[in-house]
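The residues making up each chain are set out below.
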Amino acid sequence: GAVVSQHPSRVICKSGTSVKIECRSLDFQATTMFWYRQFPKQSLMLMATSNEGSKATYEQGVEKDKFLINHASLTLSTLTVTSAHPEDSSFYICSAREPGLNTEAFFGQGTRLTVV
Amino acid sequence: QQQVKQSPQSLIVQKGGISIINCAYENTAFDYFPWYQQFPGKGPALLIAIRPDVSEKKEGRFTISFNKSAKQFSLHIMDSQPGDSATYFCAASMRGSNYKLTFGKGTLLTVNP
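Just so you know, the sequences run in chain order A and B. When the letters of the first sequence are read in order and numbered with the working numbering, they come out as residues 4 to 119. When the letters of the second sequence are read in order and numbered with the working numbering, they come out as residues 20 to 132.
Among the hints, a few may not be true.
Each computed SDA-like pair below joins lysine to any residue, with the alpha-carbon atoms no more than 20 Å apart [to be verified]:
(1) B:119 - A:88
(2) B:61 - A:57
(3) B:24 - B:69
One side only, chain B facing chain A, incomplete, derived with CB under 10 Å [what the hints assert, rightly or not]:
(4) 48
(5) 57
(6) 71
(7) 73
(8) 79
(9) 80
(10) 85
(11) 89
(12) 117
(13) 119
(14) 121
Output of the computed footprint for chain B on chain A, the stretches with three or more beta carbons under 8 Å from beta carbons of chain B [claimed, not checked]:
(15) 47-59
(16) 108-119
It should be emphasised that the hints constitute simulated quantities derived from the structure, not laboratory data. Where is the CB? At the ideal position from N, CA and C, for every residue including glycine.
Chain B on its own, in the form it takes in the complex (with noise of 0.2 Å):
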């Protein structure tokens, strides 16, 4: 069962673009939202995260965008450049469960100059 599921699967955009990454959860106990970017060969790090008390969390040209009603969440790229090529994963944790996170299958993303 996957509990936490990412679309699209892969993403082109020009650079300059907006990039725009869906994710949707099953699980209402969730209450920490992530998302990470990871490069190849690398670690993922975080970008942005958010809890469900607010609907929006801006940091730099990252937003996050989230919807408690429908369960979902996504993440804006304002102005994408060729440096934010790079697998994305939004992510999903909650209390009780040591915070560990559910993943998503991750967004290639590609911006071209």
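Chain A with its partners taken away, still in its complex shape (with noise of 0.2 Å):
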């Protein structure tokens, strides 16, 4: 299947900075890209939809001005959390979909952060 590349895969930042988490398609171009959150042994909560060249849609409850999401390109849409705090501390999980009708998902490896 397709490869969806996330990085980093850890990240431990202080209180208060902002970090930025990367989500790459390797050899596909993905119009969609969502953005989950998941707490430990719970289940994927879906946090935005982005679509390449227009503002991402955002779930409800989810922080718009905290979960910074850019889909600047087919191939790159970025997650920066802002002014972190230790409850962002999760693990954050990228997928695409290829354009057209078929509808799998292809998912990268995660990112764990741990705010301090």
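Taking the hints as your guide, dock the two standalone chains into a single complex.
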């Protein structure tokens, strides 16, 4: 299957700083990318849907100014956690799908964010 | 409102046994039903998926059974192996929503040697 690369795999940052997570589709062009958050032993919670060249669509309850999403190209989407706090510590996962009728979504390997 | 209900929450199976995980959905507009496998610290990986126009799909040891009238689908893992120990998520999506996935809560499968 197609490959989605997420970077970094782990990051530790201090409270109040911002951290950027990158999601790249390596062998296909992804018009749509999704960002999820996953707490330990829980399911994936969709945060937002990003479409290349347009503003992201955020799920209810997700702070747009807190979680900045940019989908500047067909192969790259970024999630920036701004002014991070310990409660933002979580596992963040992106996924991407190719344009057209192919419904399969390919997931990145996830980023473990720890805010200290 | 949880649109995809998954059970059981955890499952212990002996090596060589059959693992069965069930999901039920509410939204009849869903038209794509994948199952994902996730190992600790990793992103989910697609195992197998089905569309509502077929009642069963088999790939190797993994089979999806789909019951459209009951709005239920299940994953069967035949000849379960210790390497299958992971968390399994069912999901559903539909056209017109960018095919965004709605996930079940997950099943932690442990296969004992």
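Now the hints, each set against the structure:
no., hint, in the structure
1, B:119 - A:88, "violated (28 Å)"
2, B:61 - A:57, "violated (29 Å)"
3, B:24 - B:69, "holds (17 Å)"
4, 48, "violated (14 Å)"
5, 57, "holds (9 Å)"
6, 71, "violated (12 Å)"
7, 73, "violated (15 Å)"
8, 79, "violated (15 Å)"
9, 80, "violated (18 Å)"
10, 85, "violated (15 Å)"
11, 89, "violated (22 Å)"
12, 117, "holds (5 Å)"
13, 119, "holds (6 Å)"
14, 121, "holds (8 Å)"
15, 47-59, "holds (count 4)"
16, 108-119, "holds (count 7)"
Violation of the numbered hints given earlier is confined to hints 1, 2, 4, 6, 7, 8, 9, 10 and 11; the remaining hints are satisfied by the structure.
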